[in-house]
Structure formats: C-alpha cells, structure tokens
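In the order they appear, the protein sequences are chains A and Z.
So for the first sequence, my numbering puts the first residue at 25; every next one is plus one.
So for the second sequence, my numbering puts the first residue at 52; every next one is plus one.
One or more hints might be untrue.
Between beta-carbon pairs, the in silico distance windows are [unchecked claim]:
(1) Thr247(A) with Arg65(Z): 28 to 34 Å
(2) Gly325(Z) with Lys152(A): 33 to 39 Å
(3) Gly320(Z) with Arg134(A): 31 to 37 Å
No lab work stands behind these hints: they were computed from the structure.
Glycine residues also receive a C-beta, built at the ideal position from the N, C-alpha and C atoms.
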Amino acid sequence: MTRALISQGPVPGKGPVAYLDMSTELGDLVLSGPVLTASGCAAAGRELDQFFDITKIGGIVTKSVMLQPRSGRPTPRMAETPSGMLNSIGLQGPGIDRFIESDLEWLNERGATTIVSIAGTTVDEYGKLASKLRPTPGVAGIEVNISCPNVENRGQVFACDPTTASNVVQLVRRNSDPRMPIFAKLSPDVTDIVSIAEAVVKAGATGVSVINTLLGMVINPDTMRPHLAGITGGLSGPAIRPVAVRCVWQIRQAFPDLPIIGMGGIRSGTDALEFILAGANAVSVGTIVFHDPSSPMRIHEELQRALVERGFGSMAEAISYAHRPADAPPIESEGEDEYDFITE
Amino acid sequence: MPVQVKGEVLDIRRAGAYHVLSLTAPGIADIARPGHFVTLGIGGEESSMVLRRAFAIHQVQSRGVYGGTLDVVIGVKGNGTKWLSERRRHDVVDIVGPLGRPFILPKERVNCVLVGGGYGSAPLFMLADQLRERGCRVDVVMGASTEEKLFGVLDLKRLASTLTITTEDGSLGERGMVTEVLPELMKRVDSAVVYACGPMPMLASVAQLATELRAYSQCAVEEAMACGIGVCMTCVLPVVGEDGVTRMLRSCTEGPVFRGDRVLWSAVGSIPPGTVGAPVEGAH
C-alpha cells in the first residue's frame, strides 16, 4: 500500500508520534482526514471554529437544512439519558436560501470542506434542495437525511422503507451533478439495514452515513408525563455506539467497496478506530461535541496516535481491518526508520 | 470569544441550600462580564453524563498566580449538580466560557433595580458592583420559597442602597413574592432599568411590571441547554425582534440576557403562531 506522508502537524501527547497519512476516500471525494462533524451537532461550523481550526479535520457536515425556514419543535427538546441524550429539535433552521447565502458562504470563505445535509418532508422537496445546491460552489458532498425521527409523521421517516428511501435518493441523484458524492443517512430503527443500504445504492447513492439516532422516550418522574414536548426523540451518544458499529459492520459485509461514513457515540480516538475497523471510511463526531466542543480535533489526533501504536502505515489500511480472516497475518511491521518522527 | 480550559477547584463552600464553587479559569475570568455564564463538564472524560451544566458567573477575581478565578453557585437538582457539589480542592473541572450575551449597562447614571429569585441572585453581584462604579443607584430585591434558598443576602446588602427580601413562607423578609414588593420600590426610586435573574414565571412578571412602569428590563433566563455554545438548538424561546417578527432564539448565544419586553413569556415552551418557520396549518 502506498504511504503518502502528508503534514497534519504534530500530535500532542507523550512521546514521539509519526506523521501518518490520515486521508480517506469516499468515492471521488478525498478528505485530508477521516473525522467529520455529525449533522445537527455542529450547526454550520462557525461556533466550533472558536474551539479548534475546523479546516484541520476531514470536514463539516452541516445541520440538515430544509427548503423553508423552520422553527423546530416546542421545548423541552432535550433530555439527558445514561451515556447519551434524547433530542427532539425538529430541524430548526434558516431554510436553504439563507443557508447558502450565509452559512455555506462562510464555510467556503473559511476554507472548510463541507458536506451539506438536506432534509425534506416530501420526496419532491429533496429534489428541490438538490437543485438549489447544484449551481452552488463549495459543496463537497450531500448527505441526504432520510432518517430524522423528529418529523410530524413517523411514517415520513423515509429510511424505514426501501422504496421511499430509494425514491428520495434517486431524485437527489437526478437533480445533482453526476459527480456529486451523495450519502444517504440511514436509520438503525429497521429490521434489516442492509436492505435499505442496498436500495439507496441502487438508487444512485455514492455511499451511506450510518447511523442516525434511535427513536426513544423519557417519562419525567415528577410530572409523570413525557419529558419532551415532542413526546419521542432521537437517542444519541456513547450509549448507541455498539448499535452503530454493528450497522457499519453489516453494511461492510454486504458491500466490500461502498463508501461508509460511520457515526454514533464516538467520544475518543479509539471509538473512531472501532468504526474504521468495522468498515467506515470516515467517521462523524456528534453528541460528544456538546460535552467537549474541541472533540473533533482531539479525536482526529487520538485516532492518529492509535493507528500509529497499532502499526498501521496509513489510516486507509485500517478500514475494515476487523473483517480480516482469523488466520490473517499481523500488520506488516514497517521499520521505525521509515517514519518521519517528530519529538516534542 | 469563549475558551475551553481545565479549571482547578480552589474552594467549595456551602451557602444556605447552595454550594459556591471557586475555580481557576485562566482566559475566562479576566474577560467575563456580568450576565456571562460558563458550562462545566460533568463526571470526567468517561462520564455517563454527556451534557455540560450551565452556570451564571457569580464573581471573578484576578489572582495573579492562578491567571484569574471565578465562582459559580450550584443548586443541587440532579446527578450532575450533585457531582459538582462533591468536588474538592485540587479536583479538575472542564470549563467553557465566557458564554452568552451579558447584561447591557446604562450609559447614564440612572436608578437600577436588581431582582434575584433563588440563586438567580448570583450574577447580580458583579452587576451591582459595575452599576455602582458608573454612579447608578442600585436597589435589590431577593426572593425565594424560604430563607435557606436565598443566596448572598449579607453581601448584596453591602452592594445595594436598599435590600428587600421576600420569602413565600415568611421565614425572612416579607411573606410573598418579589413581584408584590417590586412596583412600590420601582415607583419610589423611579427606576429606569430592572435587571432580573431567576425562574421563568418571575421573569415574566418582572418584565410585565417594567413595561407597565415604563422601565427598561434585562432578564437573564435559565433554559435547559445541552451545549451552551449555540450548536444544539435545545435552549430556544420565542423572542420578538426589532422588525416585529417572532423567532425561536437560543438562550445560550442570543441570551441568556434578553430585553424583557421582547420575550413572549406566556409562549415559552411553545412555537407561537407566526413565528419564523412555524408549522402552517394544512402544510406538512
């Protein structure tokens, strides 16, 4: 495997750490690193840029934008749960026009790699959103959020049905530049996530983003009523990580070459590594941003360290490594003198 | 601009029903203004409590050797605040701040009334200090359900021209709510501005009174937040802009201090009809 040594800067921590090629490919989209922000957990990057340089991670996946401005749901919109949280925001946002004028404009000026997440209430709306983005510069990819659980009608979770999921992706593909990388964001709340992945791939998705939140609920023991104004909400955070890793694993088993963005409860570099070993080409960091606003950068650095410690020559070598046969030889040991070591 | 730092616990002490936590906070304490808040990480890096807790900055000190320290007042309400109340000297706490928009201070020497409900009095200390430095008269009203839940009575007494206390059970001061004594006081001192921090219903009443008495009001809200930095959209409330349009604004970045006459207090917790992006009857 080739090993391009690209400069990502020194990794803080103890002892010398090698420069490691952290780049990754999602179809034709090449990212400098595998760590992205998760949609809905980073707004449009501006706030997090106060805490770390957002151009130094793989990219920003923006909060799902809809065709029209959207107020979202009433409050309370959030409940803390064991190692996670439940949210019922309801996609509050400025609408696609203002998003393009202000948020995307800022991200482009800032030099960030931007994957725009879109959400519609009808198949047609997804198509219109894709058309709006088509002439817009600075869109590295589109994540099609067909799995937000906080819509008025649960029947509208497109990702719960292979046909509707496929209809949405097909239209987004048709209305986008043929080379535009398109990722369908899938829901874990299905019997067979592989069949949904298959449907969206056939419909023209470049890859998949797995997973969105799981539908959950909290009853307030004091009021003895549902805690969230929206009654149900999406469960996220470290609590759902094993579910997410399982979904990535299953999809990778079925599609050896499909670009997969893995997400769900990543809070450390070794958590990110788990997803990559399971088959993710890139990872998104979500809920833990609320706990630690610097976490995407920290996780990038921790992941780099974890990969070096395990003897990988590049990040890409680790992708799907957990799928190797039981009798596979250990990682080919590459002499330490091949690395460009830096010492703090 | 907010920063994220590891703060060291210098001291934690009881104050009635509350705990006052003193932390080193280099880069935060030195730029904090009255009404700013911080969020604290709970339970360490492997914590099962993933959401930060937000606290108004109570006091800041510039202690050269520590590069600035700050105090927050903690009311134990659940496991997160309980964990904080159990911190001891030299423990490390992850701090993000200063966050939010602080209180706006008057340019002229006007009479100001400060209203604190429960530990909502915490951010009023720095505010009272700075108002007095500007030559403003400061009168303070504090209220709580019971004496134990008042915070900082003695210190506020020193900072204020007058201090009026109300408790619902009559254990200290006058029996009743702050809003029962407020109109009389505002008229007596001819107050131009009312600053308030406390529970939502109190803020709603204070804001309404201020409007009736033609005073300007600045209300610091306490909304449930997940991130505190403007990305999660959980802490929103309906606020009317200068253009007359209602929007769901974030308490963390567009507040926590709002003009009292701009917040649709009775609609907090809902999406009032006409709000930007509100669901339209018959549509989706």
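So, going through the hints one by one against the coordinates:
{"no.": "1", "hint": "Thr247(A) with Arg65(Z): 28 to 34 Å", "verdict": "holds, 29 Å"}
{"no.": "2", "hint": "Gly325(Z) with Lys152(A): 33 to 39 Å", "verdict": "violated, 25 Å"}
{"no.": "3", "hint": "Gly320(Z) with Arg134(A): 31 to 37 Å", "verdict": "holds, 35 Å"}
Hint compliance for this structure: hint 2 alone is broken.
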